[in-house]
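Visitor: The chain contents come next:
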Amino acid sequence: MSRLLNKTANKTAGSAVEPHGWTKGVLQANGWLVYAFFYAPILLLVIFSFSDSRNVGVWGGFTLDWYEGFVDSQQTQAALWNSVKIATVSTGISVVLGTMSALALERFKFRGKQVFDALLYLPIIIPDVTMAVMMLLFFAEFFDVLNAVFGTELRKGFSSIALSHIAFSISFVSVVVRARLAGMSSHLEEAALDLYATRWQAFRFVTFPQILPGILGGALLAMTISLDDVVITQFVTGPGWTTLPVYVFGLIRRGVTPLINAVSVVMLMASMTLVALSLLVERVRNVGTNQRRGF
Amino acid sequence: MTAVKLPSDAEAAVATPEFEAAAIRQESRRGFLLAMPSYAYLVLFFAVPLVIVVVYSFATRNRFGGTDLSGWNLASYARLSEPIVRDILFRSLWLALLTTLICLVIAYPFAYYLATRTPVVRNLMLVFVMIPFWTNFLVRNYAWRVILGNDGPFTDVTEAIGLGERELLFSKTAVVLGLVYSFLPFMILPLYAAIERIDKRLLEASRDLYASGLQSFRKVLLPLSMPGVIAGSILVFVPSLGAYVTPDILGGSKTTLLGSYIVTQFLTARNWPFGAALSFVLMAVMLTTTVVYFRKGGRTL
Chain A
1 MSRLLNKTAN KTAGSAVEPH GWTKGVLQAN GWLVYAFFYA PILLLVIFSF
51 SDSRNVGVWG GFTLDWYEGF VDSQQTQAAL WNSVKIATVS TGISVVLGTM
101 SALALERFKF RGKQVFDALL YLPIIIPDVT MAVMMLLFFA EFFDVLNAVF
151 GTELRKGFSS IALSHIAFSI SFVSVVVRAR LAGMSSHLEE AALDLYATRW
201 QAFRFVTFPQ ILPGILGGAL LAMTISLDDV VITQFVTGPG WTTLPVYVFG
251 LIRRGVTPLI NAVSVVMLMA SMTLVALSLL VERVRNVGTN QRRGF
Chain B
296 MTAVKLPSDA EAAVATPEFE AAAIRQESRR GFLLAMPSYA YLVLFFAVPL
346 VIVVVYSFAT RNRFGGTDLS GWNLASYARL SEPIVRDILF RSLWLALLTT
396 LICLVIAYPF AYYLATRTPV VRNLMLVFVM IPFWTNFLVR NYAWRVILGN
446 DGPFTDVTEA IGLGERELLF SKTAVVLGLV YSFLPFMILP LYAAIERIDK
496 RLLEASRDLY ASGLQSFRKV LLPLSMPGVI AGSILVFVPS LGAYVTPDIL
546 GGSKTTLLGS YIVTQFLTAR NWPFGAALSF VLMAVMLTTT VVYFRKGGRT
596 L
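Note that the protein sequences, when read in sequence, are chains A and B.
Residue numbering for the first sequence follows this note's numbering, beginning at 1 and increasing consecutively.
Residue numbering for the second sequence follows this note's numbering, beginning at 296 and increasing consecutively.
Chain A on its own, in the form it takes in the complex (with noise of 0.2 Å):
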């Protein structure tokens, strides 16, 4: 019977708290021109990139010149293949690292553990320009000093720029992959270990099919963060090697040219192409909760 009131009191709720008469429409308009907000530069942008006028903001007929432009320009290729590199090989190396840590904060108790939880929350929320900071001043008095450690050869440029995207990308791999645990239940785990299963086996035969959509989605986290970078790359970097972002902020800084409307549409595709991945991933992880409830 109480359920029944309950029912009857929520279908009746959604008439008060369903905003009407003047109040809806402000909600409204506002909810209309967050999205023009939001949506109307890129448009315009892309827009002005098929625009023939060396004026990056006034229309004067198409063209594909800039586009060309782009793919003429060596700078511009060699730079793009050093983002695709980066993030590559700091995607590769953060989602082991990163969905291990998740694995071992979520599944496991071991000491120190509250430590590593808090270190692995701090490359999230601290500030770019903080960050980058910390990692100039540490290559600046270490970098000889890790390759003497570790007998290796490495150079500014690709490898202190990939070492730093890696400590920000193992956490947000690993954000992701625990948040996707979390709501996982043990249970099946320990069903395998209980029939025998070795340790490997239960994770690479039960846990690991459910948790990859958090890997594929922490991965695709990671690398668009890696692509977007540009405030540590530039502060790491070596001489004579730049990555895509700040290559285009050099340029932006020297001066706006359409060259660079037609690049910066290149990186919107880019973006686009991993956020409709992501919610491809996203549906995916919907599809298997609704299978586990089912279950």
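Any given hint might turn out to be false.
Calculated cross-link-like contacts (lysine-lysine; reagent style DSSO-like; alpha-carbon spacing at most 27 Å) [said to hold, decoys possible]:
#1 B:K467 x B:K549
#2 A:K85 x A:K156
#3 B:K467 x B:K495
#4 A:K24 x B:K495
#5 A:K24 x B:K514
With the C-beta cut set under 8 Å, the calculated list includes, among others, these residues of chain B facing chain A [what the hints assert, rightly or not]:
#6 L337
#7 L345
#8 I347
#9 D363
#10 E462
#11 L463
#12 L464
#13 F561
#14 A571
#15 L577
#16 M578
I should point out that these hints are in silico values taken from the structure, not numbers from a laboratory.
None of these values were measured; they are calculated from a predicted model.
Cβ atoms here follow ideal geometry from the backbone N, Cα and C, with glycine treated the same way.
With chain A's structure known, arrange chain B on it following the hints.
Guide: Coordinates of chain B only, in the frame set by chain A:
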């Protein structure tokens, strides 16, 4: 794994305290081994750099732009009270606060509206908030440079309305605009999460008890959504305070903020100790706000 805590029947028969203790030790070792690589990595490439920044902030800059680590002193921190530095600090605080307030005013009604939609509409609306959140930061700021620039769409609009040719680029207004544009999703998402969790019947009840719309907002909705307000405010305030790309692209050289000032110390002025001290101040603000947030009972950012 929790398998230890819930032994199967066969195991329970032999589960002595020693057995259990050994099993727990083994589990602890397994967990530690799993965490070990990232732990070591973060200590080496995050904790050590953090300590270096602190050490540098007490060092002295020598005549050649290098840094002497021997004589420790507070000179870099003393410089914080210089008028120029104080101006920059206060300006940054003020602009970051203003950005946070504007985001809050825009995002609150938006989040409430979002929370009262049907699930299908809501998800669609959320996706379109997430897209800018994922889109390249530099590109989004550059877009405003194009819009506000010479003869750009913005001047076209002001001329059309009859305001004449207005220049917005390279001003504080442009910087705040860019910051709001960059960080608005950070405000919307936690606010939405907080408002969506509220039991709507409480709002109902307040209205039934003759509260006006405003009263029910002030006494029920706002207090209950406070965790979202605080989380969103921190997520907007901290990066705004440390912003470097936005003021650089939209503010030009006239509007120096803390983030850009720190960068200048390293890339042009070559005063590393002072730059380190400034970064430490920024980090301290970040840590304080975060700790306050967790103290107030917020769990995840």
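Visitor: Now look at each hint and say whether the structure bears it out.
Guide: Now for the hints, and whether the structure bears them out:
no.: 1; hint: B:K467 x B:K549; in the structure: holds (9 Å)
no.: 2; hint: A:K85 x A:K156; in the structure: holds (15 Å)
no.: 3; hint: B:K467 x B:K495; in the structure: violated (40 Å)
no.: 4; hint: A:K24 x B:K495; in the structure: holds (17 Å)
no.: 5; hint: A:K24 x B:K514; in the structure: holds (20 Å)
no.: 6; hint: L337; in the structure: holds (5 Å)
no.: 7; hint: L345; in the structure: holds (6 Å)
no.: 8; hint: I347; in the structure: holds (5 Å)
no.: 9; hint: D363; in the structure: violated (13 Å)
no.: 10; hint: E462; in the structure: violated (13 Å)
no.: 11; hint: L463; in the structure: violated (12 Å)
no.: 12; hint: L464; in the structure: violated (10 Å)
no.: 13; hint: F561; in the structure: holds (6 Å)
no.: 14; hint: A571; in the structure: holds (6 Å)
no.: 15; hint: L577; in the structure: holds (5 Å)
no.: 16; hint: M578; in the structure: holds (5 Å)
The structure is inconsistent with the numbered hints 3, 9, 10, 11, 12, although it conforms to all the rest.
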